[in-house]
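Trainee: Chain by chain, the residues:
There are 2 protein chains.
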Amino acid sequence: MKQYETFELTFSGRILSEDYADIPLTAVFSCGSQTKTVQGFYDGDGLYKVRFLPEEPGAYTWLVTGAVSAEGTEICQPADIEHHGLVKAVDTHFEFEDGKLFTPFGTTVYALAHQDDALVEQTLETLKAAPFNKVRMCVFPKDYDYNHNEPPYYAFEKTADGSWDVRRPCIAFWHRFETILERITEMGIQADLILFHPYDRWGFSALSREDNLLFLDYLLRRLSAKPGIWWSLANEYDLCAAKSLSDWEEIESFVAHNDPYGHLLSCHNCFCFWDAARPGITHASIQTKGLSELPRWIAKYQKPVIIDECCYEGNLPHFWGSISAREMVYRFWRCAASGAYCTHGETFLADDEVLWWAKGGILRGESPERIAFLRKIIESIPGPLTANSGGVFQLIQMGEQEIETTLSQHPEYPGEFIRLLHASICRMEADDRTVHLAGEHEWAAHAGDDAWLWFNDRQCFGEQTLQLPEGRHYRVELIDVWEMTSTVLNENACGTTKIRLPGKEGLAVLAVSQRGQVR
Amino acid sequence: MKQYETFELTFSGRILSEDYADIPLTAVFSCGSQTKTVQGFYDGDGLYKVRFLPEEPGAYTWLVTGAVSAEGTEICQPADIEHHGLVKAVDTHFEFEDGKLFTPFGTTVYALAHQDDALVEQTLETLKAAPFNKVRMCVFPKDYDYNHNEPPYYAFEKTADGSWDVRRPCIAFWHRFETILERITEMGIQADLILFHPYDRWGFSALSREDNLLFLDYLLRRLSAKPGIWWSLANEYDLCAAKSLSDWEEIESFVAHNDPYGHLLSCHNCFCFWDAARPGITHASIQTKGLSELPRWIAKYQKPVIIDECCYEGNLPHFWGSISAREMVYRFWRCAASGAYCTHGETFLADDEVLWWAKGGILRGESPERIAFLRKIIESIPGPLTANSGGVFQLIQMGEQEIETTLSQHPEYPGEFIRLLHASICRMEADDRTVHLAGEHEWAAHAGDDAWLWFNDRQCFGEQTLQLPEGRHYRVELIDVWEMTSTVLNENACGTTKIRLPGKEGLAVLAVSQRGQVR
Numbered sequence: 024m025k026q027y028e029t030f031e032l033t034f035s036g037r038i039l040s041e042d043y044a045d046i047p048l049t050a051v052f053s054c055g056s057q058t059k060t061v062q063g064f065y066d067g068d069g070l071y072k073v074r075f076l077p078e079e080p081g082a083y084t085w086l087v088t089g090a091v092s093a094e095g096t097e098i099c100q101p102a103d104i105e106h107h108g109l110v111k112a113v114d115t116h117f118e119f120e121d122g123k124l125f126t127p128f129g130t131t132v133y134a135l136a137h138q139d140d141a142l143v144e145q146t147l148e149t150l151k152a153a154p155f156n157k158v159r160m161c162v163f164p165k166d167y168d169y170n171h172n173e174p175p176y177y178a179f180e181k182t183a184d185g186s187w188d189v190r191r192p193c194i195a196f197w198h199r200f201e202t203i204l205e206r207i208t209e210m211g212i213q214a215d216l217i218l219f220h221p222y223d224r225w226g227f228s229a230l231s232r233e234d235n236l237l238f239l240d241y242l243l244r245r246l247s248a249k250p251g252i253w254w255s256l257a258n259e260y261d262l263c264a265a266k267s268l269s270d271w272e273e274i275e276s277f278v279a280h281n282d283p284y285g286h287l288l289s290c291h292n293c294f295c296f297w298d299a300a301r302p303g304i305t306h307a308s309i310q311t312k313g314l315s316e317l318p319r320w321i322a323k324y325q326k327p328v329i330i331d332e333c334c335y336e337g338n339l340p341h342f343w344g345s346i347s348a349r350e351m352v353y354r355f356w357r358c359a360a361s362g363a364y365c366t367h368g369e370t371f372l373a374d375d376e377v378l379w380w381a382k383g384g385i386l387r388g389e390s391p392e393r394i395a396f397l398r399k400i401i402e403s404i405p406g407p408l409t410a411n412s413g414g415v416f417q418l419i420q421m422g423e424q425e426i427e428t429t430l431s432q433h434p435e436y437p438g439e440f441i442r443l444l445h446a447s448i449c450r451m452e453a454d455d456r457t458v459h460l461a462g463e464h465e466w467a468a469h470a471g472d473d474a475w476l477w478f479n480d481r482q483c484f485g486e487q488t489l490q491l492p493e494g495r496h497y498r499v500e501l502i503d504v505w506e507m508t509s510t511v512l513n514e515n516a517c518g519t520t521k522i523r524l525p526g527k528e529g530l531a532v533l534a535v536s537q538r539g540q541v542r
Numbered sequence: 024m025k026q027y028e029t030f031e032l033t034f035s036g037r038i039l040s041e042d043y044a045d046i047p048l049t050a051v052f053s054c055g056s057q058t059k060t061v062q063g064f065y066d067g068d069g070l071y072k073v074r075f076l077p078e079e080p081g082a083y084t085w086l087v088t089g090a091v092s093a094e095g096t097e098i099c100q101p102a103d104i105e106h107h108g109l110v111k112a113v114d115t116h117f118e119f120e121d122g123k124l125f126t127p128f129g130t131t132v133y134a135l136a137h138q139d140d141a142l143v144e145q146t147l148e149t150l151k152a153a154p155f156n157k158v159r160m161c162v163f164p165k166d167y168d169y170n171h172n173e174p175p176y177y178a179f180e181k182t183a184d185g186s187w188d189v190r191r192p193c194i195a196f197w198h199r200f201e202t203i204l205e206r207i208t209e210m211g212i213q214a215d216l217i218l219f220h221p222y223d224r225w226g227f228s229a230l231s232r233e234d235n236l237l238f239l240d241y242l243l244r245r246l247s248a249k250p251g252i253w254w255s256l257a258n259e260y261d262l263c264a265a266k267s268l269s270d271w272e273e274i275e276s277f278v279a280h281n282d283p284y285g286h287l288l289s290c291h292n293c294f295c296f297w298d299a300a301r302p303g304i305t306h307a308s309i310q311t312k313g314l315s316e317l318p319r320w321i322a323k324y325q326k327p328v329i330i331d332e333c334c335y336e337g338n339l340p341h342f343w344g345s346i347s348a349r350e351m352v353y354r355f356w357r358c359a360a361s362g363a364y365c366t367h368g369e370t371f372l373a374d375d376e377v378l379w380w381a382k383g384g385i386l387r388g389e390s391p392e393r394i395a396f397l398r399k400i401i402e403s404i405p406g407p408l409t410a411n412s413g414g415v416f417q418l419i420q421m422g423e424q425e426i427e428t429t430l431s432q433h434p435e436y437p438g439e440f441i442r443l444l445h446a447s448i449c450r451m452e453a454d455d456r457t458v459h460l461a462g463e464h465e466w467a468a469h470a471g472d473d474a475w476l477w478f479n480d481r482q483c484f485g486e487q488t489l490q491l492p493e494g495r496h497y498r499v500e501l502i503d504v505w506e507m508t509s510t511v512l513n514e515n516a517c518g519t520t521k522i523r524l525p526g527k528e529g530l531a532v533l534a535v536s537q538r539g540q541v542r
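These protein sequences, in sequence, are chains A and B.
For the first sequence, the residue numbers in the working numbering are 24 to 542.
For the second sequence, the residue numbers in the working numbering are 24 to 542.
No wet-lab data here; the hints were simulated from the structure.
Some clues are possibly wrong.
Put simply, identical chains are the same to the list, so a pair is met inside one copy or across any two.
[Stated by the list, open to error] With a straight-line Cα cutoff of 30 Å, these simulated DSS-like cross-link-like pairs (lysine-lysine) come out: (1) 151 / 59; (2) 399 / 527; (3) 25 / 111; (4) 326 / 111; (5) 151 / 527; (6) 151 / 521; (7) 59 / 111; (8) 123 / 323; (9) 111 / 521; (10) 25 / 72; (11) 25 / 123; (12) 59 / 181; (13) 151 / 111; (14) 181 / 521; (15) 521 / 59; (16) 72 / 111; (17) 399 / 72; (18) 123 / 326; (19) 399 / 326.
Bound-form chain A, shown alone:
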């Protein structure tokens, strides 16, 4: 038994051919005063398994009851250097259980696991060389444009009448699926597992309420003890015709309560965002192009926000599948400079209809190498980024008295101008204000006083004035996010710092504290 690695017990028993999804099989693991109860599962051929994820090293005893009775002891060794435990949400960022920062740079391959072995192999090879550390992928197969093939296996066997027998999980499906998940997580990639989605011709999106929970129960028995897996309740929950909001809330609650380890849990929208403030939800997983609102959403949810669908780099005749590589790269930088996270996807139409976004295969686009460049920069920053406060967003939230207080504290502020601005903004109709202010958004974030990041997006500033803290010295770098170059402009910047810029778009400015650097 090793900390942060799945511990598995296998027992032989009676061969089951019916109703083997939610067998009685409970294990209690105890270490000192801590105990954790987990459910085992039937794995076919008369094999009964219990999986456990030890989160602390130490001496464990375990007791299995139900379909199998057994007990034992194990010494759990401290984690190997390459194992860090589950990723957890901490404030508005992510960390592994051992405290190592995790910054998501995701991609999307919805039907990764539902392709033939050769294509899965190619996808895994591609992922190995790609900059992504998270992949959004579905448990159920996908039916949609360019996605009409049958998967090798389905999650369930069928009944005599041809309907899905959720009480008989397809063991071959799960073996293959877990192998794929393991190969992904072994590469250091988090599998953001989509539990339900609407693009379906087989009936998986329209199971009964009871069958949904039975499916989830079996999935949680099998997968909960595996690190590197996140639960995404849905892709586009709001387009799933067969599930009401209360169905989703029940699903959310079921997953949250039946996962013994608290894997990350989110729910992805098409239009109306899932309320990420709900207690079962660990972070927001949002589909939108409205990235200017990120600081507001982060403040509202007080949880990490991932733009899990910002459109895909490609050439489809659809709005969502036809952004340029440059735009994809900019969206990643906008998110990074908002203290949020972005997810990639790619939809170049090929003759064989193998598009990365759903089937995998190879990457054809120009954004991944630039996302790799961004990732290297972000991972060099000593701490998670938080959107800068201030600006118009803060102003419009102020009451008259608060403004007066602020102005009295800052005699250097142009008080009359601020009062005029505030009054005018407050008078705007809400929808005009939202879209108007979105167009004025500044992408800027900081990691405490250790690092400050500005993404200038499509602005072509010829110069820029940085407001850096006094009393620390910063190395200021000019970053061309498309050309992937970084030029040091100033080695000892401090306080108000004016820099010259080349008047082109796609530039970022990073100031890293020289002290912060060696932290």
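Position chain B against the provided structure of chain A, taking the given hints into account.
Mentor: Chain B alone, transformed into the frame defined by chain A:
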């Protein structure tokens, strides 16, 4: 006297040195049963002038009373071919009085008239070769970054205590100003005259209420009879500290009621839009970057909408003065493909601080030639463009019953999907919805069934399906808005038409009815 040309009567009289702004000098022009009363003005050196703009040909009699008494008759000849009268708002577009369509392609030179003669000359030379047919310019000089010079003249003489004597307009100022206006309008460029603005160190933005109206009265006496002039009450009315909303309403009402001809009248915002639905206002003049809302604003105001400030092409360290040429060009296309209009400006910082946006001089940017290309295309379309209806914007405004009716009329629509979409969009919080839907906006407009225009913006479609009317044949052109190329894709398109596109950004598709072409 010629139709659409200023007719001027000059009389000699007593030389006035005090209080000569609002002298009693009234003229009544009659033609058949029509009469129009106009006010004359004192033009210095004992000269009294009355200006009149005949809008119909015919036999006129005139009677002048007040400081001067005189009468006479004139035959007004029908308009020369190059004169079309005032530009008027008609529905949501603009036409000259003779019915000729006017499509604004504006630029901005705020302090054009407040530069020395050599620079004014250079600006006019530049305008002659530029694609612009409207220029936003101020009556009062500008004080702001890069604008610290004194103008040759001010609109008023001063009192003994150094304050402005609004009762003594500076005749030399007006002579020079009118000469500049005439040279601009003779080039076929409309002067969008900004009557007040906040960027001031002389006190013009903080005149008393009475002085504001006295100034406007004199201005209207002098300029109303000149075609080619529009009234813009303000640049950024909401940043003018010395004027309340009711001051602005009074100014609006004063201008509307004291202009005998009904020149175009608008009011430009920084944040809160001026309510263009107000009866005195002829069109919306908006500063914003939120162009996705254009169809909504046009529908709301039922008047033409000009984005009179969409940022400036340049390299200033300000958000508003640092967009790329490409972005400027795209904003023009976005407006055009929304049935709206856009205004250019340029802010490249030069050593002499002569920036086009305020002082004029030369154009350094790459957008003007591309705006010329757009203008040529738009002016080839037989009629004004109107944003396409339909899409998500229309959907969210529907009630349940209206959706059911729509679906029952269109059995081919995916009813379940539309109901889900509608329910989800309606559940969104207003500000989330606004910004979310803005990101999904399609730029598409049409001129009746004669022409259909799609601007694909930054989308990189590899193919596109056009829904053209049945029963007419269209020539479909692919336009590269940056490269300024146009390629015919199909000479006889009809109904649903699929076209192949090269999967790059900055493309527009124009379908012009072969019948419409010869109209």
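Trainee: If a hint holds in the structure, say so; if it does not, say that too.
Mentor: Status of each hint after checking the structure:
Taking the shortest alpha-carbon separations for residue 151 and residue 59, neither the intra-copy value of 35 Å nor the inter-copy value of 82 Å comes in at or below 30 Å. Both within a single protomer and between protomers do residue 399 and residue 527 lie at most 30 Å apart by alpha-carbon distance, with minima of 23 Å and 28 Å respectively. Proximity of residue 25 to residue 111 under the C-alpha cut-off of 30 Å is restricted to the intra-copy arrangement: shortest distance 19 Å within a copy versus 80 Å between copies. Taking identical chains as interchangeable, the C-alpha atoms of residue 326 and residue 111 lie at most 30 Å apart only when both belong to the same chain, with a minimum of 11 Å there against 53 Å between chains.
Taking the shortest alpha-carbon separations for residue 151 and residue 527, only the inter-copy value of 29 Å comes in at or below 30 Å, while the best intra-copy value is 34 Å. For a Cα distance limit of 30 Å, the shortest separation of residue 151 from residue 521 qualifies neither inside one copy, at 41 Å, nor across copies, at 38 Å. Only within a single protomer do residue 59 and residue 111 lie at most 30 Å apart by alpha-carbon distance; the minimum there is 18 Å, versus 78 Å between protomers. Proximity of residue 123 and residue 323 under a CA criterion of 30 Å is satisfied intra-copy only: 25 Å inside one chain copy versus 53 Å between copies.
In this assembly of identical chains, residue 111 and residue 521 lie within 30 Å of each other by CA distance neither inside one copy nor across copies; the values are 39 Å within and 47 Å between. Taking CA atoms no more than 30 Å apart as the test, residue 25 paired with residue 72 passes inside one copy only; the shortest distance there is 18 Å, against 99 Å between copies. Taking the shortest Cα distances, residue 25 and residue 123 sit within 30 Å of each other inside one copy (18 Å), while across copies they are farther apart (82 Å). For a Cα distance limit of 30 Å, the shortest separation of residue 59 from residue 181 qualifies neither inside one copy, at 34 Å, nor across copies, at 88 Å.
Taking identical chains as interchangeable, the C-alpha atoms of residue 151 and residue 111 lie at most 30 Å apart only when both belong to the same chain, with a minimum of 23 Å there against 64 Å between chains. Taking CA atoms no more than 30 Å apart as the test, residue 181 paired with residue 521 passes in neither setting, with 68 Å inside one copy and 41 Å between copies. In the homo-oligomer, the alpha carbons of residue 521 and residue 59 never lie at most 30 Å apart, since the shortest distance is 57 Å inside one protomer and 60 Å across protomers. For the identical chains of this complex, residue 72 and residue 111 are intra-copy neighbours only, at 26 Å inside a copy versus 81 Å across copies, given an alpha-carbon limit of 30 Å.
For the identical chains of this complex, residue 399 and residue 72 are neighbours neither inside a copy (40 Å) nor across copies (74 Å), given an alpha-carbon limit of 30 Å. Taking the shortest alpha-carbon separations for residue 123 and residue 326, only the intra-copy value of 18 Å comes in at or below 30 Å, while the best inter-copy value is 58 Å. For the identical chains of this complex, residue 399 and residue 326 are intra-copy neighbours only, at 24 Å inside a copy versus 51 Å across copies, given an alpha-carbon limit of 30 Å.
In terms of the numbered hints stated before, the structure departs from hints 1, 6, 9, 12, 14, 15, 17, listed from lowest to highest.
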